[in-house]
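*Asks:* For the sequence shown, position 282 matches number 282 in this note's numbering, and the numbering has no gaps at all.
I should point out that these hints are in silico values taken from the structure, not numbers from a laboratory.
No false leads were slipped in.
In silico EDC-like links for lysine to aspartate or glutamate, alpha-carbon gap of 20 angstroms or less:
| id | residue 1 | residue 2 |
| --- | --- | --- |
| 1 | K205 | E3 |
| 2 | K236 | D300 |
| 3 | K34 | E173 |
| 4 | K237 | D300 |
| 5 | K98 | D300 |
| 6 | K237 | D27 |
| 7 | K236 | D27 |
Computed spacing ranges between beta-carbons, pair by pair:
| id | residue 1 | residue 2 | range |
| --- | --- | --- | --- |
| 8 | P271 | F174 | 47 to 55 angstroms |
| 9 | L154 | V5 | 43 to 51 angstroms |
| 10 | V5 | H100 | 43 to 51 angstroms |
| 11 | F174 | L54 | 18 to 26 angstroms |
| 12 | V182 | A116 | 30 to 38 angstroms |
| 13 | V175 | I264 | 31 to 39 angstroms |
| 14 | D124 | K237 | 42 to 50 angstroms |
| 15 | K66 | L10 | 22 to 30 angstroms |
| 16 | V200 | R176 | 35 to 43 angstroms |
| 17 | I138 | G37 | 39 to 47 angstroms |
| 18 | V155 | V298 | 25 to 33 angstroms |
| 19 | R320 | S156 | 43 to 51 angstroms |
The C-beta atom is built at its ideal place from N, Cα and C for all residues, glycine as well.
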Amino acid sequence: MTEWVWQCFLFVVGFFVLVKGAHWLVDGGSFLAKALGVSDFLIGLTVVALGTSLPELFIDITAVVKGNTGLVIGNIIGANVVNILLVLGISAVIFPLKIHHGIVWREIPFTFVAAALVLLLGNDGLIEGAGYSRLGRIDGLVMMSFFAIYLYYLVSINKAIPLQQGSGGKKPEFVRLIIQIVVGLLGLFFGARLIVGTAVFIAGKMHISETMIGLTVVALGTTLPELTASIVAALKKRPDLALGNIVGSNIVNIFLILGVCSVIRPLPLRPQDNFAIAIAILASFLLFTSAFVGKRGVIDKWIGVAFISIYLIYVAIVIRLG
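Required output: the full structure, derived from the provided sequences and hints.
*Replies:* Shown next as C-alpha coordinates:
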(Lines of atoms letter the chains of each structure in order from A; the text may use other names.)
(Lines give C-alpha, C1' and ligand atoms only; values in the text may rest on other atoms or scores of the structure.)
Protein backbone atom coordinates (compact mmCIF):
# COMPACT_ATOMS: atom_id res chain seq x y z
CA MET A 1 0.00 0.00 0.00
CA THR A 2 2.85 2.35 0.91
CA GLU A 3 4.55 1.61 -2.43
CA TRP A 4 1.33 2.44 -4.30
CA VAL A 5 1.00 5.80 -2.49
CA TRP A 6 4.66 6.61 -3.23
CA GLN A 7 4.32 5.74 -6.92
CA CYS A 8 1.13 7.80 -7.26
CA PHE A 9 2.90 10.72 -5.56
CA LEU A 10 5.81 10.42 -8.01
CA PHE A 11 3.34 10.35 -10.91
CA VAL A 12 1.74 13.62 -9.74
CA VAL A 13 5.16 15.23 -9.21
CA GLY A 14 6.29 14.05 -12.64
CA PHE A 15 3.18 15.45 -14.28
CA PHE A 16 3.66 18.83 -12.56
CA VAL A 17 7.35 19.01 -13.55
CA LEU A 18 6.49 17.96 -17.13
CA VAL A 19 3.81 20.63 -17.60
CA LYS A 20 5.87 23.34 -15.89
CA GLY A 21 8.86 22.46 -18.06
CA ALA A 22 6.70 22.69 -21.18
CA HIS A 23 5.47 26.16 -20.18
CA TRP A 24 9.04 27.35 -19.63
CA LEU A 25 10.18 25.85 -22.93
CA VAL A 26 7.34 27.32 -24.99
CA ASP A 27 7.59 30.77 -23.40
CA GLY A 28 11.38 30.78 -23.71
CA GLY A 29 11.21 29.62 -27.32
CA SER A 30 8.62 32.25 -28.26
CA PHE A 31 10.57 35.10 -26.66
CA LEU A 32 13.80 33.82 -28.23
CA ALA A 33 12.13 33.90 -31.66
CA LYS A 34 11.16 37.53 -31.08
CA ALA A 35 14.64 38.38 -29.77
CA LEU A 36 16.32 36.88 -32.85
CA GLY A 37 13.71 38.20 -35.26
CA VAL A 38 12.81 34.75 -36.60
CA SER A 39 9.54 32.82 -36.73
CA ASP A 40 8.12 30.54 -34.05
CA PHE A 41 8.19 27.75 -36.64
CA LEU A 42 11.97 28.03 -37.13
CA ILE A 43 12.57 27.96 -33.36
CA GLY A 44 10.25 24.94 -33.09
CA LEU A 45 12.04 23.28 -36.01
CA THR A 46 15.45 23.69 -34.37
CA VAL A 47 15.77 24.50 -30.66
CA VAL A 48 12.53 22.90 -29.44
CA ALA A 49 12.67 19.90 -31.82
CA LEU A 50 16.28 19.04 -30.97
CA GLY A 51 15.62 19.55 -27.28
CA THR A 52 12.52 17.35 -27.10
CA SER A 53 14.32 14.62 -29.12
CA LEU A 54 17.33 14.48 -26.77
CA PRO A 55 15.74 11.93 -24.39
CA GLU A 56 15.10 9.55 -27.31
CA LEU A 57 18.67 10.06 -28.52
CA PHE A 58 20.16 9.13 -25.13
CA ILE A 59 17.76 6.21 -24.56
CA ASP A 60 18.25 4.64 -28.00
CA ILE A 61 22.04 5.07 -28.05
CA THR A 62 22.25 3.48 -24.59
CA ALA A 63 20.10 0.56 -25.79
CA VAL A 64 22.29 0.03 -28.87
CA VAL A 65 25.55 0.18 -26.90
CA LYS A 66 24.16 -2.46 -24.52
CA GLY A 67 23.20 -4.64 -27.50
CA ASN A 68 19.42 -4.15 -27.19
CA THR A 69 18.92 -3.33 -30.87
CA GLY A 70 15.72 -5.24 -31.62
CA LEU A 71 13.19 -2.54 -30.77
CA VAL A 72 15.08 0.62 -31.75
CA ILE A 73 13.63 1.03 -35.27
CA GLY A 74 10.10 0.26 -34.10
CA ASN A 75 10.38 2.70 -31.19
CA ILE A 76 11.62 5.58 -33.36
CA ILE A 77 9.14 5.01 -36.19
CA GLY A 78 6.34 4.52 -33.65
CA ALA A 79 7.27 7.83 -32.03
CA ASN A 80 7.02 9.56 -35.41
CA VAL A 81 3.55 8.10 -35.97
CA VAL A 82 2.46 9.32 -32.52
CA ASN A 83 3.92 12.77 -33.21
CA ILE A 84 1.90 13.42 -36.36
CA LEU A 85 -1.35 11.56 -35.76
CA LEU A 86 -1.78 11.97 -32.00
CA VAL A 87 0.26 15.02 -30.96
CA LEU A 88 -0.66 17.21 -33.94
CA GLY A 89 -4.19 15.81 -33.80
CA ILE A 90 -4.66 16.89 -30.18
CA SER A 91 -2.93 20.23 -30.84
CA ALA A 92 -5.25 20.95 -33.79
CA VAL A 93 -8.33 20.16 -31.70
CA ILE A 94 -7.13 22.69 -29.10
CA PHE A 95 -6.18 25.42 -31.59
CA PRO A 96 -6.15 25.36 -35.44
CA LEU A 97 -2.65 24.93 -36.88
CA LYS A 98 -1.97 27.22 -39.84
CA ILE A 99 0.43 25.69 -42.38
CA HIS A 100 2.23 28.32 -44.41
CA HIS A 101 2.84 27.66 -48.12
CA GLY A 102 6.61 27.37 -47.70
CA ILE A 103 6.29 24.81 -44.90
CA VAL A 104 4.04 22.59 -47.05
CA TRP A 105 6.48 22.44 -49.95
CA ARG A 106 9.82 22.56 -48.06
CA GLU A 107 9.83 21.18 -44.51
CA ILE A 108 6.99 18.62 -44.49
CA PRO A 109 8.42 16.66 -47.48
CA PHE A 110 11.53 16.03 -45.35
CA THR A 111 9.39 13.88 -43.00
CA PHE A 112 8.08 11.88 -45.96
CA VAL A 113 11.58 11.36 -47.41
CA ALA A 114 12.92 10.30 -43.99
CA ALA A 115 10.31 7.55 -43.49
CA ALA A 116 10.60 6.37 -47.12
CA LEU A 117 14.39 6.22 -46.77
CA VAL A 118 14.12 3.85 -43.80
CA LEU A 119 11.79 1.59 -45.80
CA LEU A 120 14.21 1.52 -48.74
CA LEU A 121 17.48 1.16 -46.82
CA GLY A 122 16.08 -1.26 -44.25
CA ASN A 123 14.80 -3.70 -46.87
CA ASP A 124 17.75 -3.60 -49.26
CA GLY A 125 18.83 -7.02 -47.98
CA LEU A 126 15.58 -8.59 -49.15
CA ILE A 127 15.79 -6.72 -52.44
CA GLU A 128 19.30 -8.07 -53.01
CA GLY A 129 18.29 -11.57 -51.91
CA ALA A 130 20.22 -11.57 -48.62
CA GLY A 131 17.21 -13.03 -46.80
CA TYR A 132 17.23 -10.56 -43.89
CA SER A 133 16.43 -6.91 -43.29
CA ARG A 134 18.50 -4.45 -41.30
CA LEU A 135 19.92 -0.95 -41.20
CA GLY A 136 23.70 -1.27 -41.49
CA ARG A 137 26.51 1.21 -40.87
CA ILE A 138 26.51 2.47 -44.46
CA ASP A 139 22.75 3.04 -44.17
CA GLY A 140 23.39 5.02 -41.00
CA LEU A 141 25.98 7.19 -42.75
CA VAL A 142 23.49 7.84 -45.57
CA MET A 143 20.86 9.02 -43.06
CA MET A 144 23.39 11.20 -41.23
CA SER A 145 24.34 12.73 -44.61
CA PHE A 146 20.69 13.65 -45.10
CA PHE A 147 20.73 15.23 -41.63
CA ALA A 148 23.77 17.30 -42.65
CA ILE A 149 21.85 18.45 -45.76
CA TYR A 150 18.89 19.32 -43.53
CA LEU A 151 21.13 21.36 -41.19
CA TYR A 152 22.64 23.20 -44.17
CA TYR A 153 19.12 23.99 -45.32
CA LEU A 154 18.19 25.39 -41.90
CA VAL A 155 21.35 27.54 -41.82
CA SER A 156 20.55 28.90 -45.29
CA ILE A 157 17.02 29.78 -44.13
CA ASN A 158 18.38 31.53 -41.06
CA LYS A 159 20.80 33.60 -43.16
CA ALA A 160 17.97 34.58 -45.48
CA ILE A 161 15.96 36.05 -42.59
CA PRO A 162 17.16 39.50 -41.44
CA LEU A 163 17.55 39.66 -37.68
CA GLN A 164 15.62 42.42 -35.96
CA GLN A 165 17.29 44.51 -33.33
CA GLY A 166 15.35 45.27 -30.20
CA SER A 167 15.07 43.98 -26.67
CA GLY A 168 16.53 40.71 -27.93
CA GLY A 169 19.86 42.46 -28.53
CA LYS A 170 20.53 42.64 -24.81
CA LYS A 171 22.94 39.89 -23.82
CA PRO A 172 21.55 39.31 -20.29
CA GLU A 173 18.05 38.87 -21.74
CA PHE A 174 19.34 36.41 -24.35
CA VAL A 175 21.22 34.39 -21.70
CA ARG A 176 18.11 34.32 -19.49
CA LEU A 177 16.03 32.94 -22.35
CA ILE A 178 18.58 30.21 -23.06
CA ILE A 179 18.61 29.24 -19.37
CA GLN A 180 14.79 29.20 -19.34
CA ILE A 181 14.73 26.90 -22.40
CA VAL A 182 17.33 24.54 -20.87
CA VAL A 183 15.43 24.38 -17.56
CA GLY A 184 12.22 23.71 -19.49
CA LEU A 185 13.87 20.85 -21.41
CA LEU A 186 15.19 19.36 -18.16
CA GLY A 187 11.68 19.55 -16.72
CA LEU A 188 10.32 17.68 -19.75
CA PHE A 189 13.02 15.02 -19.48
CA PHE A 190 12.77 14.29 -15.75
CA GLY A 191 8.99 14.71 -15.66
CA ALA A 192 8.60 12.19 -18.49
CA ARG A 193 10.94 9.72 -16.75
CA LEU A 194 8.95 9.91 -13.52
CA ILE A 195 5.64 9.40 -15.33
CA VAL A 196 6.88 6.46 -17.44
CA GLY A 197 8.51 4.77 -14.45
CA THR A 198 5.41 4.99 -12.28
CA ALA A 199 3.12 4.01 -15.17
CA VAL A 200 5.18 0.87 -15.84
CA PHE A 201 4.97 -0.02 -12.12
CA ILE A 202 1.20 0.47 -12.03
CA ALA A 203 0.69 -1.45 -15.29
CA GLY A 204 2.79 -4.32 -13.96
CA LYS A 205 0.81 -4.51 -10.74
CA MET A 206 -2.41 -4.58 -12.76
CA HIS A 207 -1.00 -7.46 -14.86
CA ILE A 208 -1.26 -5.56 -18.13
CA SER A 209 0.60 -7.33 -20.97
CA GLU A 210 4.01 -6.14 -22.18
CA THR A 211 2.51 -5.49 -25.62
CA MET A 212 -0.04 -3.08 -24.19
CA ILE A 213 2.62 -1.43 -22.01
CA GLY A 214 4.81 -0.96 -25.07
CA LEU A 215 2.00 0.46 -27.17
CA THR A 216 0.75 2.83 -24.51
CA VAL A 217 3.23 3.63 -21.74
CA VAL A 218 6.50 3.30 -23.67
CA ALA A 219 5.27 4.69 -27.01
CA LEU A 220 3.53 7.65 -25.41
CA GLY A 221 6.26 8.03 -22.80
CA THR A 222 9.02 8.58 -25.36
CA THR A 223 6.93 11.28 -27.04
CA LEU A 224 5.74 12.98 -23.84
CA PRO A 225 8.17 15.92 -24.27
CA GLU A 226 6.88 16.58 -27.82
CA LEU A 227 3.27 15.97 -26.76
CA THR A 228 3.37 18.29 -23.76
CA ALA A 229 5.37 21.03 -25.49
CA SER A 230 3.03 21.03 -28.52
CA ILE A 231 -0.16 21.00 -26.43
CA VAL A 232 1.09 23.88 -24.28
CA ALA A 233 2.10 25.76 -27.45
CA ALA A 234 -1.42 25.23 -28.84
CA LEU A 235 -3.01 26.37 -25.57
CA LYS A 236 -0.86 29.51 -25.69
CA LYS A 237 -1.98 30.00 -29.32
CA ARG A 238 1.53 29.48 -30.72
CA PRO A 239 0.60 26.93 -33.43
CA ASP A 240 3.79 27.50 -35.46
CA LEU A 241 5.86 26.40 -32.48
CA ALA A 242 3.78 23.22 -32.10
CA LEU A 243 4.01 22.37 -35.81
CA GLY A 244 7.73 23.14 -36.02
CA ASN A 245 8.39 20.97 -32.97
CA ILE A 246 6.73 17.90 -34.52
CA VAL A 247 8.13 18.31 -38.04
CA GLY A 248 11.62 18.93 -36.66
CA SER A 249 11.44 16.06 -34.15
CA ASN A 250 10.39 13.56 -36.83
CA ILE A 251 13.30 14.58 -39.05
CA VAL A 252 15.78 14.43 -36.15
CA ASN A 253 14.45 11.05 -34.98
CA ILE A 254 15.25 9.34 -38.29
CA PHE A 255 18.13 11.22 -39.89
CA LEU A 256 20.10 11.79 -36.66
CA ILE A 257 19.03 9.29 -33.98
CA LEU A 258 18.41 6.29 -36.25
CA GLY A 259 21.49 7.22 -38.29
CA VAL A 260 23.80 7.37 -35.26
CA CYS A 261 22.37 4.14 -33.80
CA SER A 262 22.86 2.30 -37.12
CA VAL A 263 26.49 3.43 -37.29
CA ILE A 264 27.16 2.20 -33.75
CA ARG A 265 25.60 -1.21 -34.41
CA PRO A 266 23.46 -2.63 -37.28
CA LEU A 267 19.75 -2.60 -36.42
CA PRO A 268 17.47 -5.51 -37.39
CA LEU A 269 14.25 -4.57 -39.17
CA ARG A 270 11.36 -6.73 -37.97
CA PRO A 271 8.41 -7.51 -40.29
CA GLN A 272 6.05 -5.51 -38.08
CA ASP A 273 8.38 -2.51 -38.38
CA ASN A 274 7.52 -2.25 -42.09
CA PHE A 275 3.86 -1.79 -41.16
CA ALA A 276 4.79 1.04 -38.78
CA ILE A 277 7.00 2.63 -41.47
CA ALA A 278 4.11 2.47 -43.95
CA ILE A 279 1.87 4.23 -41.41
CA ALA A 280 4.59 6.86 -40.84
CA ILE A 281 4.73 7.50 -44.60
CA LEU A 282 0.93 7.71 -44.68
CA ALA A 283 0.95 10.13 -41.73
CA SER A 284 3.45 12.41 -43.52
CA PHE A 285 1.31 12.27 -46.67
CA LEU A 286 -1.81 13.14 -44.66
CA LEU A 287 0.01 16.06 -43.03
CA PHE A 288 1.00 17.32 -46.49
CA THR A 289 -2.48 16.95 -48.00
CA SER A 290 -4.21 18.46 -44.94
CA ALA A 291 -3.04 21.85 -46.19
CA PHE A 292 -5.32 21.50 -49.22
CA VAL A 293 -8.58 20.29 -47.62
CA GLY A 294 -11.18 22.13 -45.55
CA LYS A 295 -9.88 25.58 -44.69
CA ARG A 296 -6.95 25.81 -47.07
CA GLY A 297 -3.64 25.92 -45.23
CA VAL A 298 -5.18 25.13 -41.83
CA ILE A 299 -5.27 21.90 -39.82
CA ASP A 300 -8.57 22.49 -38.04
CA LYS A 301 -10.18 20.52 -35.22
CA TRP A 302 -11.98 18.15 -37.62
CA ILE A 303 -8.72 17.17 -39.30
CA GLY A 304 -7.27 16.80 -35.80
CA VAL A 305 -10.09 14.42 -34.86
CA ALA A 306 -9.44 12.46 -38.07
CA PHE A 307 -5.72 12.18 -37.20
CA ILE A 308 -6.53 10.92 -33.69
CA SER A 309 -9.05 8.41 -35.09
CA ILE A 310 -6.49 7.04 -37.56
CA TYR A 311 -3.99 6.67 -34.70
CA LEU A 312 -6.50 4.71 -32.61
CA ILE A 313 -7.24 2.44 -35.60
CA TYR A 314 -3.47 1.91 -36.02
CA VAL A 315 -3.11 0.92 -32.35
CA ALA A 316 -6.10 -1.43 -32.63
CA ILE A 317 -4.56 -3.13 -35.69
CA VAL A 318 -1.20 -3.54 -33.94
CA ILE A 319 -2.92 -5.09 -30.92
CA ARG A 320 -4.92 -7.36 -33.22
CA LEU A 321 -1.76 -8.51 -34.99
CA GLY A 322 -0.12 -9.12 -31.63
